[in-house]
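Participant: For the record, the sequence lines run as chains S and G. Using my numbering, you'd call the opening residue of the first sequence number 16 and step up by one each time. Using my numbering, you'd call the opening residue of the second sequence number 419 and step up by one each time.
Any given hint might turn out to be false.
Short derived list, chain G residues pointing at chain S, Cβ under 10 Å [what the hints assert, rightly or not]:
no., residue
1, Q424
2, F452
3, Q460
4, S461
5, T475
6, S513
7, S515
8, K524
9, F527
10, S529
11, Q532
Derived by calculation from the structure, the hints in this document are not laboratory data. Glycine is no exception: its CB is placed at the ideal position from the N, C-alpha and C atoms.
As a plain string of letters, each chain reads:
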Amino acid sequence: QKEVEQNSGPLSVPEGAIASLNCTYSDRGSQSFFWYRQYSGKSPELIMFIYSNGDKEDGRFTAQLNKASQYVSLLIRDSQPSDSATYLCAVNFLNTGNQFYFGTGTSLTVIP
Amino acid sequence: GAVVSQHPSRVICKSGTSVKIECRSLDFQATTMFWYRQFPKQSLMLMATSNEGSKATYEQGVEKDKFLINHASLTLSTLTVTSAHPEDSSFYICSASSLDMTTNEKLFFGSGTQLSVL
Numbered sequence: 016q017k018e019v020e021q022n023s024g025p026l027s028v029p030e031g032a033i034a035s036l037n038c039t040y041s042d043r044g045s046q047s048f049f050w051y052r053q054y055s056g057k058s059p060e061l062i063m064f065i066y067s068n069g070d071k072e073d074g075r076f077t078a079q080l081n082k083a084s085q086y087v088s089l090l091i092r093d094s095q096p097s098d099s100a101t102y103l104c105a106v107n108f109l110n111t112g113n114q115f116y117f118g119t120g121t122s123l124t125v126i127p
Numbered sequence: 419g420a421v422v423s424q425h426p427s428r429v430i431c432k433s434g435t436s437v438k439i440e441c442r443s444l445d446f447q448a449t450t451m452f453w454y455r456q457f458p459k460q461s462l463m464l465m466a467t468s469n470e471g472s473k474a475t476y477e478q479g480v481e482k483d484k485f486l487i488n489h490a491s492l493t494l495s496t497l498t499v500t501s502a503h504p505e506d507s508s509f510y511i512c513s514a515s516s517l518d519m520t521t522n523e524k525l526f527f528g529s530g531t532q533l534s535v536l
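Please model the complete structure; the sequences and the hints are all you need to start from.
Facilitator: Encoded structure:
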């Protein structure tokens with residue numbers, strides 16, 4: 016059984032702070048990792064993807080991947096109230112082709 | 419990015435009726451389409467995976483006779499909720515992907531369908 020786990024939160028941070036979202040997964044045969052943001056009643060939208068160990072930065076967002084520890088995280092710098100949403104971690108496992116598995120999501124609230 | 423169109427966006431129906439939801443890839447050929455269900459404040463739950471021209475693969479616990487999936491072409495998949503009941507009320511989301519794509523994004527979501535069964 017492939018599993019993707021996230022802390023459900025809620026996570027609250029003050030405006031301007033760094034928000035740290037974490038995700039673990041159960042299968043070492045994993046290929047690619049994605050972070051999605053979902054506002055209430057809307058579909059998920061892709062924030063970042065990462066394939067290789069290490070850090071990947073895109074604007075205020077940094078994804079960190081450690082395959083040995085089966086851990087992927089998302090850092091949001093200079094958090095804004097508009098970042099308040101649920102963040103979903105998704106893993107595309109190598110031996111399931113295009114199939115994606117999602118974590119339960121972490122609810123983030125950025126307090127003005 | 420690629421566009422996936424999902425209709426209707428919202429449907430309200432009486433208990434016992436059937437509801438069809440369409441998912442179309444507008445500017446690419448979707449090798450695979452996925453159907454998800456999401457209850458309030460919960461994550462996406464994969465219901466089934468469908469490949470064009472073949473039967474859908476359902477996740478454990480999802481009734482294939484209740485949730486009929488048809489993936490008749492590379493641009494269209496439909497989900498029919500048969501004999502809907504109030505417990506089927508949920509947010510249904512489709513997504514599509516293509517093995518032919520070179521983009522790293524890989525998975526494209528429809529806008530979702532909010533189903534309310536009275």
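Participant: Now look at each hint and say whether the structure bears it out.
Facilitator: Tested hints:
1. Checking G:Q424 against chain S by beta carbon gives a least distance of about 8 Å; that is within 10 Å, so the hint holds.
2. Because the smallest distance between the Cβ of G:F452 and any Cβ of chain S comes to about 7 Å, under 10 Å, the interface hint for this residue holds.
3. Below 10 Å, beta-carbon pairs count as interface contacts, and G:Q460 has one with chain S at about 7 Å; its hint therefore holds.
4. For G:S461, the interface hint holds, since its Cβ comes within 10 Å of a Cβ in chain S; the closest pair sits about 4 Å apart.
5. With a least beta-carbon distance of about 9 Å to chain S, the hint placing G:T475 at the interface is held under the 10 Å criterion.
6. For G:S513, the interface hint holds, the least distance from its beta-carbon to any beta-carbon of chain S being 8 Å, beneath 10 Å.
7. The beta carbon of G:S515 comes within 5 Å of a beta carbon in chain S, closer than 10 Å, and the hint placing it at the interface holds.
8. Here the hint on G:K524 is kept, as its CB sits about 7 Å from the closest CB of chain S, short of 10 Å.
9. About 4 Å separates the beta-carbon of G:F527 from the nearest beta-carbon of chain S, less than 10 Å, and the hint is met.
10. At its closest, the beta carbon of G:S529 sits 5 Å from a beta carbon of chain S; the interface hint therefore holds under the 10 Å criterion.
11. Proximity of G:Q532 to chain S holds as hinted, the smallest CB-CB distance being about 7 Å (cut-off 10 Å).
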